[in-house]
Amino acid sequence: MGKATRVAFGEALARIGEKNKNIVVFDADLSVSTMSKYFAEKFPERFFEMGIAEANMIGTGAGIALQGKTAFICSFGTFLTGRFDQIKVSLNYGRANVKIVGTHSGIAIGDDGYSQMGLEDLALMRVLPKMTVLQPADAIETECIVDFLANKHEGPAYLRLTRQNTEDLFNASYHYNFGKGVILREGKDVAVFASGGVVANALHAAEALIKDGISATVVNIHTIKPIDVEIITRLSKETQKIVTVEDHQIVGGLGSAVAETLSDNAPAKLLRIGIRDQYGESGTPDELYEKHGLSTPGIARQIREFVSH
Amino acid sequence: MATTKELARIANKLRIDLVKMIGAAGSGHPGGSLSAIDIITTLFFHEMNHRPKEPKWPERDRFVLSKGHACPALYAALAHAGYFDKSILKTLRKLESPLQGHPDPGKLPYLEAATGSLGQGLSVAQGIALAAKVDKKSWRCFCIIGDGETQEGQIWEAAMSAPKFKLDNLIVFTDYNHGQIDGSPEDVMPIEPIADKWRAFNWHVQSIDGHSFESIMEAINNTKRVKDKPHMIIANTEKGHGVSFMKGVNWHGKAPNKEQTEKAIKELEEMGRNLDG
Ligand SMILES: Cc1ncc(C[n+]2csc(CCOP(=O)(O)OP(=O)(O)O)c2C)c(N)n1
Numbered sequence: 001m002g003k004a005t006r007v008a009f010g011e012a013l014a015r016i017g018e019k020n021k022n023i024v025v026f027d028a029d030l031s032v033s034t035m036s037k038y039f040a041e042k043f044p045e046r047f048f049e050m051g052i053a054e055a056n057m058i059g060t061g062a063g064i065a066l067q068g069k070t071a072f073i074c075s076f077g078t079f080l081t082g083r084f085d086q087i088k089v090s091l092n093y094g095r096a097n098v099k100i101v102g103t104h105s106g107i108a109i110g111d112d113g114y115s116q117m118g119l120e121d122l123a124l125m126r127v128l129p130k131m132t133v134l135q136p137a138d139a140i141e142t143e144c145i146v147d148f149l150a151n152k153h154e155g156p157a158y159l160r161l162t163r164q165n166t167e168d169l170f171n172a173s174y175h176y177n178f179g180k181g182v183i184l185r186e187g188k189d190v191a192v193f194a195s196g197g198v199v200a201n202a203l204h205a206a207e208a209l210i211k212d213g214i215s216a217t218v219v220n221i222h223t224i225k226p227i228d229v230e231i232i233t234r235l236s237k238e239t240q241k242i243v244t245v246e247d248h249q250i251v252g253g254l255g256s257a258v259a260e261t262l263s264d265n266a267p268a269k270l271l272r273i274g275i276r277d278q279y280g281e282s283g284t285p286d287e288l289y290e291k292h293g294l295s296t297p298g299i300a301r302q303i304r305e306f307v308s309h
Numbered sequence: 001m002a003t004t005k006e007l008a009r010i011a012n013k014l015r016i017d018l019v020k021m022i023g024a025a026g027s028g029h030p031g032g033s034l035s036a037i038d039i040i041t042t043l044f045f046h047e048m049n050h051r052p053k054e055p056k057w058p059e060r061d062r063f064v065l066s067k068g069h070a071c072p073a074l075y076a077a078l079a080h081a082g083y084f085d086k087s088i089l090k091t092l093r094k095l096e097s098p099l100q101g102h103p104d105p106g107k108l109p110y111l112e113a114a115t116g117s118l119g120q121g122l123s124v125a126q127g128i129a130l131a132a133k134v135d136k137k138s139w140r141c142f143c144i145i146g147d148g149e150t151q152e153g154q155i156w157e158a159a160m161s162a163p164k165f166k167l168d169n170l171i172v173f174t175d176y177n178h179g180q181i182d183g184s185p186e187d188v189m190p191i192e193p194i195a196d197k198w199r200a201f202n203w204h205v206q207s208i209d210g211h212s213f214e215s216i217m218e219a220i221n222n223t224k225r226v227k228d229k230p231h232m233i234i235a236n237t238e239k240g241h242g243v244s245f246m247k248g249v250n251w252h253g254k255a256p257n258k259e260q261t262e263k264a265i266k267e268l269e270e271m272g273r274n275l276d277g
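Listed in order, the protein sequences are those of chains B and A. Residues in the first sequence are numbered consecutively from 1, following the numbering used here. Residues in the second sequence are numbered consecutively from 1, following the numbering used here.
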């Protein structure tokens, strides 16, 4: 297992902050969990502890960014995106250069239960005009994305990160391409689009399906918005069978983004794997992935049924 | 009705249970559960009118744990009061358990509100108290908020509105344990002068020792004499109170391992024997 993407984020931000003195970072009493603490320890004069007051942090982040700073505001994804109107108006409508960093995404946070889980955050952020929405699959990709957000990207963005460790999918030679899906393996029967911490599970599910005679393409979607229309359209035409895999409600996130792209450009049969109109709940991450069909065998089973019908 | 000695014995048992529960779960929030348990004990075993065997009794006093992460304390109290079997306590945070990591009234209907996202429970408690006023009922709504939670803006929206509605049936405790996650409120985001703030918002404010049953009882009694104002009781507490090594922010969201659980229980049992003696 590699690092949690929140850890990779914290380390990358503290490293990038050395060169990029324009970065300012905010947290709302969770710096030890979001890992913004690494930046805080190194650059206390550019770190602002806001206390348990997310709405105020969003507005303050917007204000400082409007004066030319690049602001990173950090908390659990659900607590940040829950302050939707502050994000909609002060931050996004204000065109503020703020990077919203939401950790503890998905049911994979486990025991803490639903109120702590970002399960609707992608839906909320994706619907906002012009908002960039990013979700890395492993530590290396996270580092690349943090560098991109800090040094190349202008304007509002939402970065969705995991509590749990993620498997390393990429190595140091990985080249990050904003807005472009990453093909992890190629097949001809079905194309699987996955995002975030479950990309590794989707990939292993595809590997397991070989013995059933099913060959699957697996694409890592790190950019949820703007979605990669080109690759979805092309693979839809090639396979006619599309699957999405995400640790999020199947409404509003990757599944919806792909569904919209398909119906606009190249309709195909679509299976959306994710949380199906359920509350999150307590349990171990493994148990919850088993129950909600996001374990490797669970994903393989659903794809098998989908392809054979 | 209970004596302070009886309450001390119950609180001791609840402390043992909540430490065991969090230990068995392998995750949870012992610090803020231990700081709030003496208040919760006084409410459920002395002050509140409620019927565990008739949980939806319309005349019951209501309770909202706005700092939802301290729910192991509430679950232990509910079980000891007779709402459900104590054997369920060990399922805390396990798959399919009614005892979710943060309160879920769908899975445990004895909970009056879904909390866990800080800052929200006080408003819900206000709405509950408002319902009693609308229906001209005499029952009350009790609520506990955290000192860190006090930093949420929504707390101050409720602070402003409850006096407007003259909610003298809303009795709120601040569990002032001087710890949150990134540090103490003094460092993270100062809340002082906190009693003055609530007073300026037109609340009836008292400051007490939140680990003295006498003080808690007396403060609640005092609320009965003050009409037309909501009540804020600033309870000075200690994070991790009752277990020598669980003090401070380090034990905010950390479960004891097997040895630590045993050590804590040993200490608490020793304390319990002293209470009996
Ligand atoms: C809106 C929101 N932001 C952040 C958190 C994460 N969180 C859980 S407990 C906690 C600290 C709470 O401190 P306090 O209110 O003082 O509670 P206590 O010390 O009594 O446990 C934080 C920040 C949360 N649950 N909800």
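Calculated from the structure, these hints are not laboratory results. Be a bit skeptical, because a hint or two may be false.
What the hints assert, rightly or not - One-sided and incomplete, this derived list gives chain B residues near chain A with beta-carbon spacing under 7 Å: (1) Pro44; (2) Glu45; (3) Gly59; (4) Thr60; (5) Gly63; (6) Asp111; (7) Gly113; (8) Ile210; (9) Asp212; (10) Gln278; (11) Gly283; (12) Asp286; (13) Glu290; (14) Gln302.
The beta-carbon is built from N, C-alpha and C at its ideal position, and this holds for glycine as well.
Structure-based check of all given hints:
1. The interface hint given for Pro44(B) is broken, as the beta carbon of that residue sits about 12 Å from the closest beta carbon of chain A, more than 7 Å.
2. Below 7 Å, beta-carbon pairs count as interface contacts, and Glu45(B) has none with chain A, the closest being about 16 Å; its hint is therefore violated.
3. Below 7 Å, beta-carbon pairs count as interface contacts, and Gly59(B) has none with chain A, the closest being about 10 Å; its hint is therefore violated.
4. With its C-beta approaching chain A no nearer than about 12 Å, Thr60(B) sits outside the 7 Å limit, and its interface hint is violated.
5. A hinted interface residue such as Gly63(B) counts as satisfied when its beta carbon comes closer than 7 Å to some beta carbon of chain A; here the least separation is about 16 Å, so the hint is violated.
6. For Asp111(B), the suggested interface contact is upheld, since its CB lies about 4 Å from the closest CB of chain A, less than 7 Å.
7. Below 7 Å, beta-carbon pairs count as interface contacts, and Gly113(B) has one with chain A at about 4 Å; its hint therefore holds.
8. At a threshold of 7 Å, the smallest CB-CB gap from Ile210(B) to chain A is about 31 Å, leaving the interface hint violated.
9. Interface hint status for Asp212(B): violated, as the beta-carbon distance to the closest one in chain A is roughly 29 Å, over 7 Å.
10. This hint is violated: Gln278(B) has a C-beta 11 Å from the nearest C-beta of chain A, more than the 7 Å allowed.
11. With a least beta-carbon distance of about 4 Å to chain A, the hint placing Gly283(B) at the interface is held under the 7 Å criterion.
12. For Asp286(B), the shortest C-beta to C-beta distance to chain A is roughly 10 Å, which exceeds 7 Å, and the interface hint is violated.
13. Interface hint at Glu290(B): violated, since its Cβ lies 9 Å from the closest Cβ of chain A, which is beyond the 7 Å cut-off.
14. Hint status for Gln302(B) relative to chain A: violated, with the closest Cβ pair at about 20 Å, above 7 Å.
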